[in-house]
Amino acid sequence: ILNVEQSPQSLHVQEGDSTNFTCSFPSSNFYALHWYRWETAKSPEALFVMTLNGDEKKKGRISATLNTKEGYSYLYIKGSQPEDSATYLCALIANTGNQFYFGTGTSLTVIP
Amino acid sequence: DTEVTQTPKHLVMGMTNKKSLKCEQHMGHRAMYWYKQKAKKPPELMFVYSYEKLSINESVPSRFSPECPNSSLLNLHLHALQPEDSALYLCASSQPRGEYNSPLHFGNGTRLTVT
Chain A
1 ILNVEQSPQS
11 LHVQEGDSTN
21 FTCSFPSSNF
31 YALHWYRWET
41 AKSPEALFVM
51 TLNGDEKKKG
61 RISATLNTKE
71 GYSYLYIKGS
81 QPEDSATYLC
91 ALIANTGNQF
101 YFGTGTSLTV
111 IP
Chain B
1 DTEVTQTPKH
11 LVMGMTNKKS
21 LKCEQHMGHR
31 AMYWYKQKAK
41 KPPELMFVYS
51 YEKLSINESV
61 PSRFSPECPN
71 SSLLNLHLHA
81 LQPEDSALYL
91 CASSQPRGEY
101 NSPLHFGNGT
111 RLTVT
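Chains as they are written, first to last, in our numbering: chain A, 1 to 112; chain B, 1 to 115.
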């Protein structure tokens with residue numbers, strides 16, 4: 001089992017603040033990296049699929065970057081809104097098979 | 001609404017019971033997954049089926065028995081579970097890694113309580 005770490009574990013921000021969090025993974029096992037948003041009482045929903053070193057993806061106010069050589073990805077949220085409150089999970093797709101290895105998640109709470 | 005349907009949503013079972021969790025998708029995905037998720041922990045991979053064949057079993061105890069009757073269905077048969085098996089069981093599907101770099105599509109999960 002591969003070690004995928006996310007930090008911080010939880011985060012509380014005020015509405016309108018921008019924030020970011022980190023996903024770290026073993027670079028030697030990299031095939032692809034996914035980001036998911038998991039809202040309470042719903043199923044995890046894919047945000048980004050990232051495959052190339054230097055990838056930058058954007059979806060509205062949310063964006064992500066990828067550094068495969070050093071083994072990390074950042075997720076940024078600009079101008080946080082209460083509806084952004086969720087747990088954000090990253091998942092490493094290993095180059096050894098069809099496994100998705102999830103990080104521990106960052107729980108974001110946006111305070112109105 | 002999720003495109004992956006899991007039933008039941010909630011299940012309470014005794015340690016001597018036999019029950020099954022069901023998962024269905026109609027997106028044409030050829031890889032299906034069972035994950036177990038406990039509070040404040042990441043989803044933990046249990047099984048992967050690729051083209052209806054079991055490709056990964058992450059050392060899961062034999063009291064959990066997966067079955068993939070066809071490309072749209074995935075079952076998880078439960079027998080003689082322990083209270084520590086209580087968790088949220090998530091089903092997911094995707095294209096196999098070699099075909100597309102597609103994300104996982106999750107169901108809403110089955111909340112299992114073993115008494």
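Watch out, some of these pointers could steer you wrong.
Unchecked claim - In silico DSS-like pairs for lysine-lysine, Cα to Cα no more than 30 Å straight-line:
{"hint": "1", "chain 1": "B", "residue 1": "40", "chain 2": "A", "residue 2": "57"}
{"hint": "2", "chain 1": "B", "residue 1": "38", "chain 2": "B", "residue 2": "9"}
{"hint": "3", "chain 1": "B", "residue 1": "22", "chain 2": "A", "residue 2": "42"}
{"hint": "4", "chain 1": "A", "residue 1": "42", "chain 2": "B", "residue 2": "9"}
{"hint": "5", "chain 1": "B", "residue 1": "9", "chain 2": "A", "residue 2": "58"}
To be verified - Cβ-Cβ distance ranges computed for the label pairs, FRET-style:
{"hint": "6", "chain 1": "B", "residue 1": "80", "chain 2": "A", "residue 2": "12", "range": "39 to 47 Å"}
{"hint": "7", "chain 1": "A", "residue 1": "2", "chain 2": "B", "residue 2": "73", "range": "24 to 32 Å"}
{"hint": "8", "chain 1": "B", "residue 1": "73", "chain 2": "A", "residue 2": "16", "range": "43 to 51 Å"}
{"hint": "9", "chain 1": "A", "residue 1": "39", "chain 2": "B", "residue 2": "28", "range": "22 to 30 Å"}
{"hint": "10", "chain 1": "A", "residue 1": "7", "chain 2": "B", "residue 2": "9", "range": "29 to 37 Å"}
{"hint": "11", "chain 1": "B", "residue 1": "65", "chain 2": "A", "residue 2": "109", "range": "32 to 40 Å"}
{"hint": "12", "chain 1": "A", "residue 1": "45", "chain 2": "B", "residue 2": "41", "range": "13 to 21 Å"}
{"hint": "13", "chain 1": "B", "residue 1": "62", "chain 2": "A", "residue 2": "58", "range": "32 to 40 Å"}
{"hint": "14", "chain 1": "B", "residue 1": "40", "chain 2": "A", "residue 2": "57", "range": "22 to 30 Å"}
{"hint": "15", "chain 1": "A", "residue 1": "26", "chain 2": "B", "residue 2": "73", "range": "43 to 51 Å"}
{"hint": "16", "chain 1": "B", "residue 1": "9", "chain 2": "A", "residue 2": "28", "range": "19 to 27 Å"}
{"hint": "17", "chain 1": "A", "residue 1": "95", "chain 2": "B", "residue 2": "41", "range": "23 to 31 Å"}
Just so you know, these hints were derived from the structure itself, not from any lab.
C-beta atoms are modelled at their ideal positions from N, C-alpha and C, and glycine is treated no differently.
Point to revise | Given pair status - residue 57 of chain A, residue 40 of chain B, alpha carbons within 30 Å | key: Roughly 27 Å between the alpha carbons, so the hint for residue 40 of chain B and residue 57 of chain A holds.
Check your understanding: residue 9 of chain B and residue 58 of chain A: Cα distance at most 30 Å?
Key -> Given pair residue 9 of chain B, residue 58 of chain A is violated - Cα atoms ~33 Å apart, limit 30 Å.
Practice item. Could you tell me whether the CB distance from residue 26 of chain A to residue 73 of chain B stays inside 43 to 51 Å? Key: For residue 73 of chain B against residue 26 of chain A, whose Cβ atoms are near 34 Å apart, the range 43 to 51 Å is violated.
Check your understanding: Honestly, do residue 95 of chain A and residue 41 of chain B meet the 23 to 31 Å range at C-beta?
Key -> At 25 Å between Cβs, range holds.
Review point. So does residue 40 of chain B sit 22 to 30 Å from residue 57 of chain A, Cβ to Cβ?
Key: holds (27 Å)
Review point. If you check the beta carbons of residue 80 of chain B and residue 12 of chain A, does the distance land in 39 to 47 Å?
Key: At roughly 42 Å between Cβ atoms, residue 12 of chain A and residue 80 of chain B fall inside 39 to 47 Å, so the hint holds.
Check your understanding: Given a hinted range of 13 to 21 Å, is it respected by the beta-carbon distance of residue 45 of chain A and residue 41 of chain B?
Key -> Given a distance of about 19 Å, which is inside 13 to 21 Å, the answer is holds.
Check your understanding: Are residue 2 of chain A and residue 73 of chain B spaced within 24 to 32 Å by their CB atoms?
Key -> holds (29 Å)
Exercise for review: For the pair we were handed, residue 42 of chain A and residue 9 of chain B, check the Cα-Cα distance against 30 Å.
Suggested key: holds (12 Å)
Check your understanding: Do the Cβ positions of residue 39 of chain A and residue 28 of chain B conform to the proposed distance bound of 22 to 30 Å?
Key -> Check passed, 26 Å falls within 22 to 30 Å.
Practice item. Please test the hint of 43 to 51 Å on the beta carbon pair from residue 73 of chain B and residue 16 of chain A. Key: holds (46 Å)
Review point. Honestly, do residue 7 of chain A and residue 9 of chain B meet the 29 to 37 Å range at C-beta?
Key: holds (32 Å)
Violated hints, listed in ascending order, are 5, 13, 15 and 16; each of the other numbered hints is respected by the structure.
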